[in-house]
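Protein chains: 4
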Amino acid sequence: MSDSLSRAELNRRKLAHAQVSPRGALEHLSQRELTLLESRGAGGLHPLFRKCALAVLASGIEIDDAKLLFDTFSDFEIRIDREPFGVRLEVWNAPATAFVDGRMIEGVREHLFSVLRDIVYVATEVEAGRLELSTPAAITDAVFSILRNGRIFDARSPTNLVVCWGGHSISREEYVYTKRVGYELGLRGLDVATGCGPGAMKGPMKGAAIGHAKQRLTSGRYVGITEPGIIAAEPPNPIVNKLVILPDIEKRLEAFVRVGHGFVIFPGGVGTTEEILYLLGILLEPDNEDQPMPVIFTGPQSARSYFERIDRFIGTTLGSEALRRYRIIYDDAEAVARALVDGVEDVRTHRSRTDDAFAYNWRLRIPEGFQRPFEPTHEAMAALELRLDQPVHERAVNLRRAFSGLVAGNVKDSGIRAVEEHGPFRLRADRALMNAIEELLSSFAAEQRMKLEGEYRACYVIDERSS
Amino acid sequence: MSDSLSRAELNRRKLAHAQVSPRGALEHLSQRELTLLESRGAGGLHPLFRKCALAVLASGIEIDDAKLLFDTFSDFEIRIDREPFGVRLEVWNAPATAFVDGRMIEGVREHLFSVLRDIVYVATEVEAGRLELSTPAAITDAVFSILRNGRIFDARSPTNLVVCWGGHSISREEYVYTKRVGYELGLRGLDVATGCGPGAMKGPMKGAAIGHAKQRLTSGRYVGITEPGIIAAEPPNPIVNKLVILPDIEKRLEAFVRVGHGFVIFPGGVGTTEEILYLLGILLEPDNEDQPMPVIFTGPQSARSYFERIDRFIGTTLGSEALRRYRIIYDDAEAVARALVDGVEDVRTHRSRTDDAFAYNWRLRIPEGFQRPFEPTHEAMAALELRLDQPVHERAVNLRRAFSGLVAGNVKDSGIRAVEEHGPFRLRADRALMNAIEELLSSFAAEQRMKLEGEYRACYVIDERSS
Amino acid sequence: MSDSLSRAELNRRKLAHAQVSPRGALEHLSQRELTLLESRGAGGLHPLFRKCALAVLASGIEIDDAKLLFDTFSDFEIRIDREPFGVRLEVWNAPATAFVDGRMIEGVREHLFSVLRDIVYVATEVEAGRLELSTPAAITDAVFSILRNGRIFDARSPTNLVVCWGGHSISREEYVYTKRVGYELGLRGLDVATGCGPGAMKGPMKGAAIGHAKQRLTSGRYVGITEPGIIAAEPPNPIVNKLVILPDIEKRLEAFVRVGHGFVIFPGGVGTTEEILYLLGILLEPDNEDQPMPVIFTGPQSARSYFERIDRFIGTTLGSEALRRYRIIYDDAEAVARALVDGVEDVRTHRSRTDDAFAYNWRLRIPEGFQRPFEPTHEAMAALELRLDQPVHERAVNLRRAFSGLVAGNVKDSGIRAVEEHGPFRLRADRALMNAIEELLSSFAAEQRMKLEGEYRACYVIDERSS
Amino acid sequence: MSDSLSRAELNRRKLAHAQVSPRGALEHLSQRELTLLESRGAGGLHPLFRKCALAVLASGIEIDDAKLLFDTFSDFEIRIDREPFGVRLEVWNAPATAFVDGRMIEGVREHLFSVLRDIVYVATEVEAGRLELSTPAAITDAVFSILRNGRIFDARSPTNLVVCWGGHSISREEYVYTKRVGYELGLRGLDVATGCGPGAMKGPMKGAAIGHAKQRLTSGRYVGITEPGIIAAEPPNPIVNKLVILPDIEKRLEAFVRVGHGFVIFPGGVGTTEEILYLLGILLEPDNEDQPMPVIFTGPQSARSYFERIDRFIGTTLGSEALRRYRIIYDDAEAVARALVDGVEDVRTHRSRTDDAFAYNWRLRIPEGFQRPFEPTHEAMAALELRLDQPVHERAVNLRRAFSGLVAGNVKDSGIRAVEEHGPFRLRADRALMNAIEELLSSFAAEQRMKLEGEYRACYVIDERSS
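For the record, the sequence lines run as chains R, A, Y and E. Residue numbers are given in this note's numbering: position 231 of the first sequence equals residue 231, and the series is strictly consecutive. Residue numbers are given in this note's numbering: position 46 of the second sequence equals residue 46, and the series is strictly consecutive. Residue numbers are given in this note's numbering: position 114 of the third sequence equals residue 114, and the series is strictly consecutive. Residue numbers are given in this note's numbering: position 157 of the fourth sequence equals residue 157, and the series is strictly consecutive.
No lab work stands behind these hints, which were simulated from the structure alone. Do not rely on the hints blindly, as some may be mistaken.
Quick look at which bits of chain E chain R covers, simulated, 3 or more residues with Cβ under 8 Å [unchecked claim]:
id, region
1, 206-215
2, 236-242
No more than 35 Å apart at the CA atoms, straight line, and that leaves these computed lysine-lysine pairs for DSBU-like [to be verified]:
id, chain 1, residue 1, chain 2, residue 2
3, A, K14, A, K242
4, R, K242, A, K242
5, E, K242, E, K451
6, E, K242, R, K242
7, A, K67, A, K14
8, R, K67, R, K14
We treat Cβ as the ideally placed atom computed from N, Cα and C, and that holds for glycine.
Please model the entire structure based on the sequences and the hints provided.
See below:
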């Protein structure tokens with residue numbers, strides 16, 4: 001079912017033209033929304049919509065290089081037609097993998113309309129109250145509103161959403177293991193949320209789909225949470241049946257930690273490390289001390305050295321307190337699933353006791369440093385303070401930013417172009433941190449966790465801080 | 001099934017306290033929305049929410065006097081509790097008719113949450129872009145957005161919505177006839193929208209419900225379109241399964257004419273006359289000349305003199321062109337239903353040909369005078385220009401306003417209080433118009449179309465304009 | 001919504017020809033079943049199918065004279081066509097009331113296919129094990145199998161089925177009251193089963209439909225239980241969404257008492273009296289002493305003298321023990337509904353404690369005399385032993401048979417023809433019984449409870465037994 | 001997700017005791033059915049029910065040796081409890097693989113109730129008309145009735161059912177390929193029917209489940225068609241959502257060819273060969289000449305030599321006419337799926353034109369030799385006439401029987417015991433047939449297509465016929 005394509009082929013695999021009519025729920029847009037979506041000038045939404053739409057249509061192409069995607073499909077175009085029954089989309093030069101015998105795969109079609117929905121919503125609603133994003137509470141409210149508008153909260157069993165994080169570039173053995181874990185989660189009625197790309201983001205969903213089918217659970221949720229910068233590098237798998245596009249990486253991460261009732265972390269690369277730093281950084285915040293939150297690191301036996309390194313890295317960078325916030329389980333998918341079942345039960349009890357919403361963790365305190373968007377320019381990366389003498393959550397904030405920049409340099413269109421133009425990012429850190437980071441990143445490169453195919457060329461240089 | 005109560009009893013029929021938990025779809029509010037809803041100060045939403053909630057709970061009480069309702073239930077209170085599973089409402093001293101054996105009727109519960117939904121939506125979304133209401137197109141967009149948010153457009157067969165207008169205070173024979181018409185509409189798969197009070201607003205829905213049941217149409221729509229000023233005088237019948245609260249009377253009327261695919265007008269009083277003037281005024285607008293729109297006036301044989309008077313009134317005030325826009329059918333529910341079936345088919349064809357939306361009549365031009373809110377103060381009423389030498393649609397605009405004021409004086413809380421304080425409204429009109437209005441209003445009073453019970457006391461005085 | 005037709009019109013209201021294609025669930029018949037249904041010779045099912053199909057199509061004609069119906073529509077024909085997608089029915093000269101604008105009402109269509117289903121099932125399945133009907137247990141099993149095949153047991157809330165009995169020929173005031181009771185039952189989530197004709201069999205269903213709609217109960221059951229002999233006199237109302245045709249009157253009565261969790265008895269005539277005798281006769285059986293079973297006699301105030309007579313009749317014929325098995329409530333629909341809610345709760349508790357099925361009262365003992373089919377020939381009627389010195393349940397059995405014969409003479413095709421040919425039935429009874437019967441029947445005639453229209457001519461003569 | 005267990009472990013993996021309550025649709029049994037199911041004596045159904053129930057619970061155990069299964073779980077017991085809400089099952093010493101954390105997998109639960117349903121139905125209904133099985137038409141009718149009772153015909157799109165046949169013991173590469181084919185079928189909206197064991201019977205279903213999920217097809221059918229003799233060797237995978245148990249192997253094969261709208265045949269062993277001989281034997285019948293029926297043999301490139309042998313075997317045994325009835329496609333899942341889409345379209349057209357049912361191929365003529373049950377005793381096997389001078393369909397009938405016997409000797413409880421007792425089956429054939437059979441069977445053994453694990457010991461000896 002994988003559709004890995006040699007890049008040379010990509011160009012030949014285009015569909016000249018297709019129309020996408022709504023099926024089932026009709027899509028209705030107001031005149032103003034239509035005008036916004038068609039607007040191509042400064043501030044117009046069309047460029048953003050086109051970019052995300054292309055990413056969604058690239059589902060099925062095993063590619064993790066957004067720049068390559070955009071360059072290859074530079075002639076892709078999309079248009080919105082108003083029809084009496086609602087809205088119709090028309091596409092030109094789209095990736096053929098999104099179609100079966102000339103007809104768009106229904107899951108992809110839904111994703112296209114999710115993209116449309118979220119872009120319009122963010123533009124018209126959140127933007128209308130733009131200043132409202134000035135406080136942490138307002139940001140949290142905005143994330144909630146976007147998720148609600150994306151129908152993420154419609155399901156009936158509200159404390160069963162397990163966030164699965166892990167790399168897109170993982171070994172076959174690791175991939176099969178993520179499916180097994182997903183299967184055991186699905187058998188136990190748990191739903192899955194991921195960043196919705198390939199690898200550790202696809203495996204758990206496929207497994208859960210089979211588990212749900214065996215349990216006759218027809219309303220299983222396969223939640224994909226993404227943002228415009230990452231969607232092209234991690235196009236959503238069509239199994240995702242609830243896709244939501246947050247406006248930026250920080251809101252995407254906030255969405256994960258507020259809707260997730262538990263976390264499973266598979267082997268991954270810099271993106272997964274960014275997510276781990278974000279999650280543990282928040283859980284270390286004293287106000288969150290009482291928050292139960294099951295966090296399981298897991299992989300097959302072959303991933304043992306990987307997790308030992310991650311464990312060491314966390315110990316060095318975040319301290320021993322952080323180690324108490326997760327468990328590592330090797331090669332036992334059932335044990336992982338059972339730990340999650342128990343863990344989300346604790347979450348449910350806690351929410352009941354504290355009168356917090358089952359569907360959205362309002363009480364979790366997210367330090368403002370994690371909420372504020374970080375733009376990984378060369379200047380911003382160079383200016384990051386990576387020091388051991390900071391308070392731990394400040395260190396976590398900055399480390400998260402550093403890894404966020406590395407993700408951009410690896411797979412995001414903007415990041416790749418910046419590194420091509422200005423050379424690698426320069427980071428500076430205390431010696432111990434520098435060594436910890438270096439060790440981790442070298443091992444990622446050696447284990448081919450940085451890139452799906454081709455030779456990996458580092459997008460960073462790290463030096464010791466002169467204090 | 002009617003629950004007419006002597007007013008003396010109302011006070012005794014209160015339910016001390018009840019909790020309303022969600023069932024089925026969960027309701028999720030953001031922190032900001034909760035804060036808004038709980039805010040009782042200037043600009044706070046709580047007073048508006050409390051008022052509309054009381055109106056919804058008054059369903060089943062056959063009363064058309066908002067002031068009496070609010071006075072009787074002055075100790076009514078409602079509170080929103082955030083619970084882990086969503087939102088719970090708590091009420092004190094609510095009308096007992098909304099409950100069965102202490103448990104709120106599910107339809108009423110849905111209405112409560114519709115009220116909550118629409119009040120929050122209008123406050124947070126439309127208000128956020130308040131200035132946007134400055135253009136006609138922006139008003140039309142806002143009406144659309146509120147209806148979409150209220151899930152009015154979810155159904156699959158988009159050109160089957162028949163708006164039924166008519167009085168709340170009608171004879172038993174007329175009421176039975178409205179049921180028969182609704183039944184024949186329902187048998188033919190047509191859905192019904194009304195202003196959602198008693199009388200001609202309830203009958204067609206009950207009839208349609210039986211017709212749909214016989215045809216096994218489980219997704220029939222019973223759309224109630226209301227606004228905060230009228231809801232208390234015309235509380236929605238629990239059959240209404242899609243209730244939407246527009247912010248004011250003009251947007252409510254615009255909603256009717258843009259979502260309706262056909263109109264049936266039963267005998268009524270000043271409110272119905274206001275609606276007729278609005279509808280015909282718009283259809284007379286030259287830009288709307290090509291718009292097909294079935295409009296049927298109908299009633300039992302006993303309503304013949306009523307419709308003859310209405311016909312005469314329209315001829316005098318709007319001219320002979322207006323007479324061509326509707327048909328009168330006496331005592332033949334099947335013929336009415338068949339006329340609607342044919343008429344909405346024409347509407348469908350027209351929308352297809354002009355690429356207009358099935359669900360919302362974007363192309364209908366509504367003169368700005370009909371869109372702008374009219375506040376019927378004594379000054380505003382006295383200042384209305386009711387002249388025969390105006391262009392016809394301008395005359396329609398002003399006549400509509402005059403009747404809108406009379407509705408307020410009759411049944412709305414604010415209007416009744418204003419008349420109690422300052423005496424009857426004073427209207428001035430050209431002699432011919434004055435006579436036409438006088439004739440119509442006297443007949444309404446004589447036929448008891450102005451009020452459900454008790455003696456009617458006119459809330460107006462009309463004089464001839466001195467030119 | 002009633003469609004009472006003058007009989008003269010009936011003949012003109014025929015639809016020359018129509019095809020009825022399946023919609024929704026497809027109907028599949030085996031070759032053998034098709035052959036059986038088409039077979040017109042001795043033992044062939046076609047005559048029975050044609051007769052029941054006509055009865056179903058007569059829904060909407062307010063007629064209670066099966067003979068008149070069959071005579072008027074003697075040219076009615078129906079044929080079954082096998083189509084690739086299932087089975088299609090073709091009809092000629094059918095009653096036009098079953099159609100709306102030439103298209104069959106969906107509810108009627110469902111009933112046609114229910115008729116087809118049950119006739120085929122009884123013929124092929126029960127008949128195949130014909131000898132099995134030789135024991136009481138086997139009869140009870142057969143009734144169960146037919147009901148299960150008719151999907152009567154599919155619902156989720158199994159102890160909410162209220163059987164409503166009462167006359168087809170009742171006053172307007174009584175009819176409105178049956179609707180009110182149905183409405184209050186529906187508001188409380190109770191479902192309704194009736195014999196599915198007009199009057200007291202239609203009112204509660206219409207009321208319940210509105211009650212269910214207000215409570216958003218979309219899976220309400222409106223169960224019609226009938227048999228080939230009565231269906232033409234009491235054609236099912238299209239609201240009935242679960243129609244089942246039992247092979248004879250005794251199995252139909254057994255179906256009622258085994259699936260019903262409570263009984264409401266409205267004013268009626270001989271048919272209702274037959275049902276009361278059957279129900280009380282069974283409840284008086286000593287083995288059923290512990291069976292909770294709510295039985296409420298109810299009507300408007302105007303029905304007071306009616307129920308006082310019934311009460312007296314029961315006291316005289318079945319004794320004081322019988323009086324303790326029911327309550328009479330006047331003009332209080334809410335109290336009736338609340339009594340049923342309480343009563344079915346007791347039934348539920350009892351079934352749980354005794355491990356009896358919620359859906360079917362297996363443990364209720366039905367004396368064999370009530371189970372054995374009684375063919376009301378003139379001989380059989382004359383031979384009935386109506387004596388006070390019998391054990392009470394034997395007397396109940398024979399009285400039930402006597403009234404069953406009177407029903408046949410009144411409304412059934414076969415009975416009317418027999419009386420036309422051989423004169424009135426002759427009954428003989430002990431003086432006290434004779435007087436009780438006479439008094440009751442005369443009052444029925446005087447109150448026009450025997451016939452919908454026209455003059456009533458008694459189909460019986462009753463004499464005193466010479467002991 | 002596979003759960004291959006070393007046989008030594010089986011014994012330890014038992015669940016001491018569990019109760020299985022209904023969820024969703026309630027199960028209702030009559031008293032008579034309950035009595036039958038509990039009856040353990042001669043003619044009682046309990047032994048058969050217990051055996052099939054154990055087989056269903058063995059799902060997830062990768063085992064193809066029914067005798068081993070029954071021996072290991074000789075202490076398995078199952079009981080049916082009547083509960084107020086329906087029927088509850090109680091099991092002792094059941095395979096633990098059917099449970100997740102002590103709760104039975106819902107799919108397995110459904111299968112248990114399917115087993116119960118079909119056993120009861122066949123026993124009470126078909127048996128009641130036992131003599132009816134005396135004609136071919138009656139057998140075809142019985143197969144239809146059992147399938148209809150099993151709700152196989154409920155779906156809306158009736159010409160999309162693709163039967164996938166192939167071995168349970170196939171290579172990893174072949175298994176992955178069956179998933180790919182299933183996936184492409186599912187993407188195109190086709191449903192899958194198989195014999196419901198592991199290997200080529202599981203792969204297409206898992207693939208189709210993912211394909212359906214991506215196309216948001218929530219009502220995909222995964223039909224498992226089995227019979228009491230084979231179910232233990234090929235326990236249904238829980239993905240199967242429509243399981244039906246026919247009474248014997250010949251009715252099972254008839255079910256396949258009458259409900260299937262197309263056939264995909266993957267590599268397999270003797271069972272697959274039996275199915276090929278049955279299918280081609282019927283298609284060669286002159287009456288079926290016009291029947292369109294897509295038949296695709298397919299596998300990965302590595303299966304090329306396998307299919308070349310099968311092709312040769314068919315040419316030798318059934319002649320060149322048979323070769324025209326199928327196509328072989330290597331390693332192109334999309335091409336297979338497209339061929340099926342085209343093929344079932346032809347089937348649909350043909351059924352429309354000939355007025356045959358979409359859901360059941362009534363017009364297909366099945367020679368009586370294929371319908372009559374064949375009991376593979378040593379005598380019956382020895383008596384088979386395998387000659388080249390027979391008419392081709394007679395030869396097909398006998399070859400089918402021979403392979404049916406080999407299946408029994410390989411995997412069925414009764415067959416394995418018979419071979420253990422009496423030694424291998426003896427077959428006699430014309431030299432050319434003998435050679436063809438020998439070549440095929442040796443290659444199956446060499447390629448380990450005969451058995452999942454352990455050394456294969458041939459259950460047959462084949463000699464040349466002395467003519």
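The hints, checked one at a time:
1. 206-215: holds (count 7)
2. 236-242: holds (count 3)
3. A:K14 / A:K242: holds, 26 Å
4. R:K242 / A:K242: holds, 25 Å
5. E:K242 / E:K451: holds, 27 Å
6. E:K242 / R:K242: Distance ~28 Å between E:K242 and R:K242 Cα, so the pair holds.
7. A:K67 / A:K14: holds, 17 Å
8. R:K67 / R:K14: holds, 17 Å
In the structure shown, no violation is registered for any of the earlier numbered hints.
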